[in-house]
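Participant: Each chain is listed here by its residues.
2 protein chains.
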Amino acid sequence: MTVLEVVKNRTSFRGEFEDTKIPRGDLIKIMEAGLAAPSGCNKQTTSLIAVDDIGLLHKLRGVINPQAAETAPAMICVLTQKLIAYRDRTFYIQDYAAAIQNMLLAAVALGYQSCWYEGHITDTDAIGRKMADILNVPDDYELVCFLPVGIASQPLRYADKKPFAERAWFNGFKRTD
Amino acid sequence: MTVLEVVKNRTSFRGEFEDTKIPRGDLIKIMEAGLAAPSGCNKQTTSLIAVDDIGLLHKLRGVINPQAAETAPAMICVLTQKLIAYRDRTFYIQDYAAAIQNMLLAAVALGYQSCWYEGHITDTDAIGRKMADILNVPDDYELVCFLPVGIASQPLRYADKKPFAERAWFNGFKRTD
Numbered sequence: 001m002t003v004l005e006v007v008k009n010r011t012s013f014r015g016e017f018e019d020t021k022i023p024r025g026d027l028i029k030i031m032e033a034g035l036a037a038p039s040g041c042n043k044q045t046t047s048l049i050a051v052d053d054i055g056l057l058h059k060l061r062g063v064i065n066p067q068a069a070e071t072a073p074a075m076i077c078v079l080t081q082k083l084i085a086y087r088d089r090t091f092y093i094q095d096y097a098a099a100i101q102n103m104l105l106a107a108v109a110l111g112y113q114s115c116w117y118e119g120h121i122t123d124t125d126a127i128g129r130k131m132a133d134i135l136n137v138p139d140d141y142e143l144v145c146f147l148p149v150g151i152a153s154q155p156l157r158y159a160d161k162k163p164f165a166e167r168a169w170f171n172g173f174k175r176t177d
Numbered sequence: 001m002t003v004l005e006v007v008k009n010r011t012s013f014r015g016e017f018e019d020t021k022i023p024r025g026d027l028i029k030i031m032e033a034g035l036a037a038p039s040g041c042n043k044q045t046t047s048l049i050a051v052d053d054i055g056l057l058h059k060l061r062g063v064i065n066p067q068a069a070e071t072a073p074a075m076i077c078v079l080t081q082k083l084i085a086y087r088d089r090t091f092y093i094q095d096y097a098a099a100i101q102n103m104l105l106a107a108v109a110l111g112y113q114s115c116w117y118e119g120h121i122t123d124t125d126a127i128g129r130k131m132a133d134i135l136n137v138p139d140d141y142e143l144v145c146f147l148p149v150g151i152a153s154q155p156l157r158y159a160d161k162k163p164f165a166e167r168a169w170f171n172g173f174k175r176t177d
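Chains as they are written, first to last, in the numbering used here: chain A, 1 to 177; chain B, 1 to 177.
To be clear, the hints were calculated from the coordinates, so they are not data collected in a lab. Do not rely on the hints blindly, as some may be mistaken.
Since the list can't tell identical chains apart, any single copy or any two copies may satisfy a pair.
As the list claims (entries may be wrong) - Below are the DSBU-like pairs computed for lysine-lysine, each with C-alpha atoms no more than 35 Å apart in a straight line:
| hint | residue 1 | residue 2 |
| --- | --- | --- |
| 1 | K29 | K174 |
| 2 | K174 | K162 |
| 3 | K59 | K130 |
| 4 | K43 | K29 |
| 5 | K162 | K59 |
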């Protein structure tokens, strides 16, 4: 698939996955795609932990509430360091978002499905911190997102999107010429 | 090129562009890629304005200081609405970052180069607001980034990146097994 095809085929998959182990080589390719994303002032604030150990996946699921991605054979946890890029400016959110988007596309290109789980684990119940503790992540890193990785065993569904003309214009706000 | 090749070939291009008009169809494909990115709770907080009118490009360059992307035959301006996704949570930064990353990849896939200019225009001198005024963008939208689009006429350069093992691990922080 071309980039444009992958971009359009990608969706947030919240269904069940096949019980098929993901080759390490594929997880590495997905993580390499994440790390290849740009970052503000090249601060490279994003780090990643792929989890494919059954026992660890079980422990992580034990703190994810409500449950999500219960059947995923692997997940990639996204860590950020809130580093200053210059003066008082930080771009760590942009950095990890770009890395996540690259990984979502890479996963689809390799035949997998995934979903961007962020609010789920960064709300006030701090599930991300519980996951970080299980993975021995120190306090100067924040676990902000996890991406399940697996082969979908249920149909994909696509979010309804506003039409192009409501969100994209030429040469001026809401201009189409 | 495959997605993984495009991801690795993409770089932040700050050199000069060829003086070649970008077909509208290509700008539309790039913007469609941006709008296909996921958004928190599907709020679709990101909007886009492609600028290919010579006079408008000239006006926009007049407020971009220090100068950047002076020779780009087109630019895509990224707008955001700071909408609540749920309770007090917003994801508009993640939303536009994912959209930008999709557009950077789409541009490379189509043979163009680009660069994520954000801090440049969202600093305290508020260049983004001056650009927004030129494009008649109302106050409830913020212009947070512009992406030049063009064919590079100078060599690409790649940022130095930390090795994989310093940023990506398996089954625990800094674990490699």
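Participant: Does each hint fit the structure? Answer for all of them.
Facilitator: We went through each hint and held it up to the structure:
With identical chains, the CA atoms of K29 and K174 are at most 35 Å apart between copies only, with a shortest distance of 18 Å across copies and 40 Å within one. For the identical chains of this complex, K174 and K162 are intra-copy neighbours only, at 14 Å inside a copy versus 42 Å across copies, given an alpha-carbon limit of 35 Å. With identical chains, the CA atoms of K59 and K130 are at most 35 Å apart within one copy only, with a shortest distance of 10 Å there and 51 Å across copies. With identical chains, the CA atoms of K43 and K29 are at most 35 Å apart both within one copy (21 Å) and between copies (30 Å).
Only between protomers do K162 and K59 lie at most 35 Å apart by alpha-carbon distance; the minimum there is 30 Å, versus 39 Å within a single protomer.
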